[in-house]
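**Student:** Okay, here's what each chain looks like letter by letter:
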Amino acid sequence: MATAVLTRLDPQSKAAARGWSDLTIRNVFIIPTILFLIVFNIFPLIYSLGYSFTDFRASTNSAANFIGLQNYRELLNDPFIWSNFAITAKYVIVSVAGQVLVGFGTAMLLNRDIPLKGLLTTLLLLPMMLSMAVVGLFWKLLYDPSFGIINYALGLGKFEWLSNPDMALYAVAITDIWMWSPFVMLLSLAGLSAVPKHLYEAAAIDRAGPLYTFFRITLPLVAPILMIAIIFRTMEAFKTFDLAYILTSQPTTEVISIRLYKMAFQEWQTGRSCALAYIVLIMILAITNIYVKYLNKVKER
Amino acid sequence: MRKTLTGMLAGIGFSLACGTSAFAAELTIFWAEWDPANYLQELANLYEAETGVKVTVETTPWSDFQTKAFTEFNAKGSAYDMVVGDSQWLGAASEAGHYVDLTDFFNKHKLSETMAPATVKYYAEYPSASGKYWAIPAEGDAVGWSYRKDWFEDPKEKESFKAKYGYDLDVPKDWKQLRDIAEFFHRPDQNRYGIAIYTDNSYDAMVMGVENAIFSWGGELGDYANYKVDGIINSDKNVAALEAYKELYKFTPPGWAKSFFIEDNQAITENLAAMSMNYFAFFPALVNEASNPNAKGTGFFANPAGPSGDQYAALGGQGISIVSYSQNQEEAFKFLEWFVKDETQKKWAELGGYTCNKAVLESAEFQNATPYNKAFYETMFKVKDFWATPEYAELLIQMNQRVYPFITGDQGTAKEVLDSLAADWNATFKKYNRVQ
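Protein sequences appear in the order of chains A and B. Heads up: the first sequence runs through residues 1 to 301, numbered per the UniProt record's numbering. Heads up: the second sequence runs through residues 1 to 436, numbered per the UniProt record's numbering.
Hints are computed from structural coordinates only; laboratory data are not their basis. From a predicted model like this one, the values you see are computed outputs, not experimental measurements. Careful, some of the hints might be misleading.
Claimed, not checked - Under the rule of at most 20 Å between Cα atoms (straight-line distance), these lysine to aspartate or glutamate pairs were calculated in the DMTMM-like manner:
1. LYS250/B - ASP55/A
2. LYS431/B - ASP55/A
3. LYS158/A - ASP35/B
Unchecked claim - Computed Cβ-Cβ distance ranges for the label pairs, DEER-style:
4. GLU74/A - LYS132/B: 27 to 37 Å
5. THR413/B - ASP166/A: 15 to 25 Å
6. GLU236/A - THR71/B: 17 to 27 Å
7. LEU351/B - TYR261/A: 52 to 62 Å
8. TYR261/A - GLN329/B: 28 to 38 Å
9. ARG434/B - ASP166/A: 50 to 60 Å
10. VAL298/A - ASN38/B: 35 to 45 Å
11. ASP101/B - LEU35/A: 34 to 44 Å
Unchecked claim - Selected chain B positions facing chain A (Cβ under 8 Å, derived; list incomplete):
12. TRP62
13. PHE70
14. ALA92
15. TRP256
From the three backbone atoms N, C-alpha and C, an ideal C-beta is built for every residue, glycine too.
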């Protein structure tokens, strides 16, 4: 059918006057995009895979020597790298769980007839419209132990959010939750408003309790869209750089992307950092794959 | 139609020709974003007035400086004709061919005689003692200290200090006194703290702070000529110095775990700390009443001596180099010819730049010009620096990784930390075939 649409050309159209077929027009739009993708995405991806097997350093003039899997072997045996991965995993779990709880909870609260609902929703969306760097800089001020408003409001005295190695990662995660819960809220709200009202009416007739209704009707129907939100947020949290980099320099907040940045652009270990980037890519792909499989299962239900 | 086309082409050709000639008389110097870069721009404006050659000082925040400069070098870009690069970059930039060899220029102008010896050794020469020069010492700098003179001179404070420690409260002469004074003024209940030190581990801040202790304890980071570190970086002196630095962290204001020059100056301007470590280049803001309400009550001193009387400080500052990929190298050389003249160096110092010119530094006029110039002069003749090998960034990050958790998080012991660091550095030097 698609072919039929493509080959049919209105003889009166301008394209026909120029002698362009629909196929030509399609190519004019698609080929530059594909070329762009190849030049700026696929080519560097493959090129950097090649570099990951070498000892190449972009800061020197020495040629890149092939060293096989040495970069991968050394990286996977480096306790600092494993600690970076552990920190990243902890951060992803705390941050994404927090965003889902807060975001979904807010969506539940907003999914009813309340005055100024539209305005309230818009205001709640504001944090995610800000730049990460700006959010990082002003949360640094909010967390300040001497004059920060958080300690003042919570009566915590001189509590050191960012200098305390055990607390710093949670402080970064709280900022991320504040910023990105609205995203989960927005998707959840879309999911919630799509749940057919008659299901709730039927449940009410059957005298189902609120918890039963939530777990048997609301959650299963919102789950697919919630999973999409979780996939996006997990991928983003895994790549977090700006917030953690700006807020604190604790080793306990050195997520893998910060380590990667330092390796690539401060130490200029280009080959090694390409290998690390591939390890991170494989991990993100694996995690996303698990989620997508689960998402498909949820949809089938 | 043809006439119009010919006219257009001629016009384009003419503007291109004009554009090219305008570019030839323009130079770009790349530096970090701080006051000395503004002073250099003022100095460069004088050069433009004299010669008609426009010189622009382009800046970027400190955190991006190294990354941005090397990205441009690696791409063999000609965006910058000269760069005022960090002393640690010398190895990386010279071995990779990013800097033009200035040895002949250096010898022709006898700069090793006219510039302060430490600045020649650390800002210009690589490898160490090779007689090969890659930069002209431009902005001398080292770590010094500012303090609240008004707090120190308060008779009540003097009395209670003497009662507690048995000697007069004055500018600390050694690190023990520095520690005592920090402890004495550390009063969290009054929102007043003892000392502000560098703890930022994103680049070289904390390492420079620790170096201040290590060098004054008589320790070294390693044997720079032979890449030997065992028994040097983890020597008993260095262990004691690291412990002393960590002890000072106890007397810092709350949340002092990512502090560099901005925070350390704020410690003085915001009445937070009695003493504050900082590069001399950041002291002009402290004598200016517009930026420091306590300007009149602020004093300065050089890094105090260690337990056996050694007195050294960590070197900051930069030399100016010509970038190999610049298309205006000839003009750049002419600018440097002008820059190294005694009268230009004098003007540079007057504008606020820290000249490395020996004659200017030694002049009474310079030493009395500001409350901190004398301390600067004294310091510049007893400075030491970090490794300048091409892999210095890896060494720096390894030191940050080992030392930071110990200082701010109380993890491990100083001996364990420095032993692990020695192992890391050995592995790095092995990786680059510096040692067998």
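**Student:** Work down the list of hints and note, for each, if the structure agrees.
**Tutor:** Here's how the hints hold up against the structure:
{"no.": "1", "hint": "LYS250/B - ASP55/A", "result": "violated, 42 Å"}
{"no.": "2", "hint": "LYS431/B - ASP55/A", "result": "holds, 10 Å"}
{"no.": "3", "hint": "LYS158/A - ASP35/B", "result": "violated, 33 Å"}
{"no.": "4", "hint": "GLU74/A - LYS132/B: 27 to 37 Å", "result": "holds, 33 Å"}
{"no.": "5", "hint": "THR413/B - ASP166/A: 15 to 25 Å", "result": "holds, 20 Å"}
{"no.": "6", "hint": "GLU236/A - THR71/B: 17 to 27 Å", "result": "holds, 25 Å"}
{"no.": "7", "hint": "LEU351/B - TYR261/A: 52 to 62 Å", "result": "violated, 36 Å"}
{"no.": "8", "hint": "TYR261/A - GLN329/B: 28 to 38 Å", "result": "holds, 33 Å"}
{"no.": "9", "hint": "ARG434/B - ASP166/A: 50 to 60 Å", "result": "violated, 38 Å"}
{"no.": "10", "hint": "VAL298/A - ASN38/B: 35 to 45 Å", "result": "violated, 60 Å"}
{"no.": "11", "hint": "ASP101/B - LEU35/A: 34 to 44 Å", "result": "holds, 43 Å"}
{"no.": "12", "hint": "TRP62", "result": "violated, 13 Å"}
{"no.": "13", "hint": "PHE70", "result": "holds, 5 Å"}
{"no.": "14", "hint": "ALA92", "result": "holds, 6 Å"}
{"no.": "15", "hint": "TRP256", "result": "holds, 7 Å"}
In this structure, the earlier hints numbered 1, 3, 7, 9, 10, 12 are contradicted, and the remaining ones agree with it.
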